[in-house]
Amino acid sequence: MSKSNSPSLTNDSVSIYKWKLLFPLILILFVILVFPLGYSLWLAFHDFSIIDPDSNKFVGNAQFQKVLTNPMYWTVMKNTFLFVLIAVSFEVILGVLIALALSKQRILKNFTRAVILAPMFVTPIAVGLMFRFILNNQLGFIPAFLAKFNISIDFFGSNYTLLTLALIDVWQWTPFIILMILSGLESLPQDPFEAAYVEGASKLTVFLTITLPLLKPVLLVAILIRSLDALKVFEYVYAITKGGPGTSTETLQFYIHKLGFGYYRLSEAAAVSWTVVVIIMIGLIIMLKSPKKEST
Amino acid sequence: MNSYQKETLLLKMVRILLIWISILTVLIPFIWVILSSFKSPSDLSDATNVFFTPILNNWTNVFNSGIPINFINSFIVAFITILISLIVGLPAAYSISKFKTGGNFTKLGILIAEVVPSATLVVPIFLASYFLGINGSILPVIFAHLTFILPIITWFLIGFFDAVPNSLEEQALIDGCTRFGAFIKIIIPQVLPGVGAASIFGFVLSWNDMFYALILGGKDTQTLPMAIAGYNTFRGVQLGEMSVAILVSAIPTIILSFFIQKRLIKMMGGGAIKE
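If you read the sequences in order, they're chains P and G. Heads up, the first sequence stops at 296 in my numbering, and the numbers go up one at a time, no gaps. Heads up, the second sequence stops at 275 in my numbering, and the numbers go up one at a time, no gaps.
Just so you know, nobody snuck in bad clues.
Here are the simulated DSBU-like cross-link-like pairs (lysine-lysine), alpha carbons at most 30 angstroms apart as the crow flies:
{"no.": "1", "chain 1": "G", "residue 1": "LYS262", "chain 2": "P", "residue 2": "LYS203"}
{"no.": "2", "chain 1": "P", "residue 1": "LYS203", "chain 2": "G", "residue 2": "LYS266"}
{"no.": "3", "chain 1": "G", "residue 1": "LYS262", "chain 2": "P", "residue 2": "LYS104"}
{"no.": "4", "chain 1": "G", "residue 1": "LYS100", "chain 2": "P", "residue 2": "LYS20"}
{"no.": "5", "chain 1": "G", "residue 1": "LYS266", "chain 2": "P", "residue 2": "LYS104"}
{"no.": "6", "chain 1": "G", "residue 1": "LYS107", "chain 2": "P", "residue 2": "LYS232"}
{"no.": "7", "chain 1": "P", "residue 1": "LYS109", "chain 2": "G", "residue 2": "LYS266"}
{"no.": "8", "chain 1": "G", "residue 1": "LYS98", "chain 2": "P", "residue 2": "LYS216"}
{"no.": "9", "chain 1": "G", "residue 1": "LYS262", "chain 2": "P", "residue 2": "LYS232"}
{"no.": "10", "chain 1": "G", "residue 1": "LYS219", "chain 2": "P", "residue 2": "LYS242"}
{"no.": "11", "chain 1": "P", "residue 1": "LYS232", "chain 2": "G", "residue 2": "LYS266"}
{"no.": "12", "chain 1": "G", "residue 1": "LYS12", "chain 2": "P", "residue 2": "LYS216"}
{"no.": "13", "chain 1": "P", "residue 1": "LYS289", "chain 2": "G", "residue 2": "LYS266"}
Quick look at which bits of chain P chain G covers, simulated, 3 or more residues with Cβ under 8 angstroms:
{"no.": "14", "segment": "125-138"}
{"no.": "15", "segment": "231-242"}
Just so you know, the hints here were simulated from the structure itself, not pulled from any lab data. Cβ atoms here follow ideal geometry from the backbone N, Cα and C, with glycine treated the same way.
Turn these sequences into a full structure, and let the hints steer you where they fit.
Next comes the structure, spelled out in structure tokens:
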């Protein structure tokens, strides 16, 4: 980094300089990500006990066998995927519709957006407790309000609990989809829309044949981020149901937390978490492959 | 508005109705919790009652409890996390944006770092801090928060640096600046508004996390989400205080969000479209 550096980007000192700038990031990512991942993988193939950390022994894939033959694991998987499917589907449909509505809004534009996007900035545990309170049969205002019309729904009864939790997720995270779609809409080119107007295409045709295909990359990324995040649902379960009634709302993150830090079966928890890594990697590959195929 | 953007009356009414329903769906729960925070235990049992004598007991009780300390803990954790993220992320993002250091591999690495599930990381971070004797302090919580905040902040910063013209730096070099000097004095001021928005976004992410704080934090270092979870006893007496706790945690992030929403819309778009 001497003063005699020429502005050219291809001299030797630059090739060292650029790595010097990047090095701290690589170092920290190594410490906080690569090392924990390696440690976690090591745990998953050992029988580790925190009371007697030296007595661990290599058990091969025994932990994974134990996990995969446990019916509880499959219940947890079913619950989690049902949760993700319900929550993300509603979020995408509502999010696209609301974003389209907001993009045409002119009066009080910033205020409206600020209010509608607010839920995604609230800590999920607060959202969980808020809805536990609001939907509570004795003390909540929604059941009290419905009771005036003689409607009685037990939001946390065994049939509806997972659905209720998914709808809480929809309340909090539809704003994220709205945010992504709004940002996509703002960077859309105008030419195709003008062309369509000249040709006299209907609103619906324009939306289906121009807007939606142009939004597809943003939408895919939004769905991907949201699905990965919904997979980690924890606070609502922790605040509201603790996995119940029965096992109807036991989800992955909660199950791993219980295995690891309720029972201290840390190796088993690590093994379960690695099955999640595999699922995420498969999901990523599928989602990132599909749009690429079209562009080539 | 261009002529092709004209909408029919029916479509306009549907649009306005949808926006109003959305606004009410967001606001009503908050309004009800605000009302509940001023209710006495006997008023709390009548959920739909909006005419009651407001009391301040819930608010004073919460502020005389440990909540102010939890508030400070949350602030310290978020602040240090953001500080480290910027010190490390700014030069790295600049290097990636300008010199394409490491090519696509670096960018891919940052993306992969962002999607590693917290459930996989929490067990080793917990054990490592246990063996190092730092479990229960704020250190493991900060480490854990870095795992998801550092990559996303770096990702946003790359986008900001991409928008800075090369000529600025070249001019500074000709004027006799060192490369690093030009980076600090010329380039960073160009991206400051973006850095502010990305920092606030990261701050909110750290502030809102409970999973890591629950497992890695200790009794003396509880962050705000943990303290709120502590009000999770459904005795009527505590519901007013719980409402206060919910508001105390939610209001700062909602206010912060107002400052960054416009920019966030741009940031998200930039990231996604580059894919």
